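Q: Going line by line, the protein sequences match chains H and C. Numbering (the numbering used here) for the first sequence: 35 to 668. Numbering (the numbering used here) for the second sequence: 3 to 213.
Derived from the structure by calculation, the hints contain no laboratory data. In this text, all values refer to a predicted model and were calculated from it rather than measured experimentally. Glycine included, every Cβ here is placed at the ideal spot set by N, Cα and C. You may find that some hints are simply not true.
Residues on chain H that point at chain C, a partial pick, calculated with CB under 10 Å [what the hints assert, rightly or not]:
#, residue
1, D41
2, L62
3, I255
4, P258
5, F260
6, A275
7, R413
8, A586
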Amino acid sequence: MTDGWSDERLEAAFSARAAAASQPTGELATLTMEHLRRAPRPGRALGRPGALAGLAAAVAVALLVVTSGAFNDRGRVASTTPGTASAPTGSPAPPGSSSPTVTPSPGPDTAVTVAVALAFRDASPEPGEIQVTGWLRDGVAVPCPALIQPGNPARLDCPQALPWIVERASDAGVGALDSVPSGPALQPSFALVDAGAVPNAVAATPVEITVTGHFHDRRAILCPTFDCFSTFVVDRIDSVADIAQPIVTSYNLAIQVEKGATTSGIEIPPSGIADQYDNAVVHVAEGASPLLVLSRRVMSIDGLLEAEPALAGGWSGIGTARIVTSLTAIETGLGSGPPQPRTFLVPDGSGTIFEMGPTGPVAAGGVRVQVYPGGLVERVGDPITVSQAIAHRDHALDDAQLLVSGFGWDPGAIACTPIRPSMPVLDQCPSGATWLAARMPTASRSNGLITPDGPALNLVIPPESVNLAALTTQPRAVAVLGHFDDHRSATCPAGAVERCRRNFIVDAILDPPRLALAADLALTVHPGPSNTPRGTAAWAASVAGLSSADRAERLISAFPVDVTALGAFEPDALGTEAVSRAETVWLVHFLDTGVGDIPIVRTRLVIDADPEQRPAEVFDLTEAGVSRALAANP
Amino acid sequence: LRRAVGARHDEPRRHERHRIAERARRDTRIGPAIDRSLIDRARNGDLDAFESIVNARMDAVYRLTSAILGNEADARDAAQETFVAIWRQLPRLREPDKFEAWLQRVAVNASRMTIRSRSRRRVREIPSSTVVALAERVAGAPRDDAAILDSALAALPVDQRAILVLHHLEGRPLAELATILEIPEGTAKSRLFAARRALAAAIERDGSRRR
């Protein structure tokens, strides 16, 4: 330093200057904490500086409109005195809105207030993703009419019963059935987030909440009125009562199943870990900025149609999936406006990521997350011995598809006692004399029939497999594709259900040198009574989810059945609403992957129709009953 | 020659003593280290844990903002803004072990933002301490070093004030200056040098005016 200002002198001067300055009091810390308790910590930044600049610009435009007093909610002429700010309000508009101080929050990490969000809604028709902070209060308990199906996340059914996000806790409104917020407020749609994550917040004690979502949802176009464009669709709950919330996976795995005249609701189990697709989705756009996943949703077909009503007409990419994972993400790179939400769909087992576009889902970036194994042996594993199959039945009974090697034969034409109809997996004549044995039998005979002299299984050949399971009276080496614990076991007589579960149900009998399903045979078998369908087997397989490229080594059979004969094949389907208007249905059997990645055989029912007619009606047949599947219209 | 060698030998010891003294002074001023569990709890949204941090560090942060801004009202605003920003950004803090350095960086930034917003204000508050100082000057009281420094600092850009305060008041060595300001150590050294030259020039100008 110059002029004799050594380091020591300078430091002493700094210390003396600091000592002379006023000292803070405890009040400063108290005031700071009071401020923090009033303002919740916002969640993660949307990560796109340009986006928030765009938001700020849009808000600035909105502010000009709002503060000028020329317009209020959705452009209607305001009744307020010129020069005063009118409150932009949610949908529906609460009466008596006060004049808010509408100030765009500065900085990229700050959530906007409800008033600013509403101004943004009115300033931009784009579904820009924004973060909104306010106070959540529940709707009021009122009886609601039956919900309109299919659902739509942008549609607020029975709005009186739905929650509000209000600008200030004091705006929440208290009490009466018709109470509505008194200040700036919006009614969010929480249809796409986990219902359990939405806090309960009675009007008297609203809860601070910060959410990320958007107005002008693309699904609003499917609503009968324009109100849906004003709905704030929440993609993520960022914080509740100042507690930051993690990215969560929500589930809607409910399906409606029919058994005869009975309808019930059940949930189907998820197939895997929901976040397995995160990394693929983040980098779905090669060369572009990585995406930021906001939320995940794992859905049954019924759940998918509630989230994406546009798919009700079918979806060619769905394949045979019963579960679809949806991921909502936003871009993190620079852009000219707020980042728009992007929705990605991954059908279970399809191996392809789809992105929802204006015309429906399209394959995204050629990203494949999984490759379905190809050949039959790759799907079900190498053939096992009869003894191993028996051990599987006795120690690990499930419906896994098995390929069992041995020596098989049937009794040929024998006199049977009358069989019980509509019990396709009950061991009835002639299955008691149809065998798969570990060893070639000697000439031991009983009542003129060959009997095995070692480990052996009785084979139950259901009607759909008759043409695929050719045996002779002379034992020969075969490989039998089949399974225990068939989904129709419950249709066996009371007291015989467990026995039916242990029966080995044949799907096809193959020659050991050629362990492959016959593609031509799969489309030409016709085991049921003759009828005159309008569709074809190839069409039925396609709409059931097996495109021509996906049929090889996977499709076991697709054939028409007169509905009056359906009980012989699928007793539970008979009498259901699903088939009540049909004369002919198609049954499609195919290999698939079940819970725990085990290979299983599944059955789908397709209502016969003109192949040009859309949408096709497709149903899953499981032990639970008949449930809707999504047609994979080609 | 012996004196010269002795001086060389004494130099590290003097330097070491200086560092120990600096650290002791700094630690006394800042207070005991913040418990890591408190930081973790605050990161996870525990407002009570954050309140403990605010109570433990408000004085130190206010002293820093006050030294940089030289204005009571501004210093209070900047100190509050510091903790508001800390609370909001805490979940994204990648290195909780560097919380203290981060806290000071945020305080410096808050001071910078306060200066900017103050320049847009039409009416400035005059803090009581300034009124007292003016009264003393009017009364012809001798100007001590603190007053000279106060006057000279007011003429410097806020970034230069900040680096001087951090080094000469808070006792931060170059390596820590670099960490706090998120600049390379060499850059910290050159900025500190430039700030000291600017301060010396300001003191000289101030003295010339008074003479």
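Q: Take the hints in turn and mark each one as holding or not.
A: These are the hints, each one checked on the structure:
Evaluation of the H/D41 hint against chain C yields a held restraint, the C-beta minimum of about 7 Å falling below 10 Å. At a threshold of 10 Å, the smallest CB-CB gap from H/L62 to chain C is about 6 Å, leaving the interface hint in force. Nearest Cβ of chain C to the Cβ of H/I255: about 37 Å, over the 10 Å cut. The hint is violated. Of the supplied interface hints, the one on H/P258 is violated, with its beta-carbon coming no nearer than about 42 Å to a beta-carbon of chain C, more than 10 Å.
Because the closest C-beta pair between H/F260 and chain C is about 36 Å apart, greater than 10 Å, the hint is violated. The beta carbon of H/A275 comes within 9 Å of a beta carbon in chain C, closer than 10 Å, and the hint placing it at the interface holds. For H/R413, the interface hint is violated, since its Cβ never comes within 10 Å of a Cβ in chain C; the closest pair sits about 46 Å apart. Because the beta carbon of H/A586 sits about 50 Å from the nearest beta carbon in chain C, more than 10 Å, this interface hint is broken.
The earlier numbered hints that this structure contradicts are 3, 4, 5, 7 and 8.
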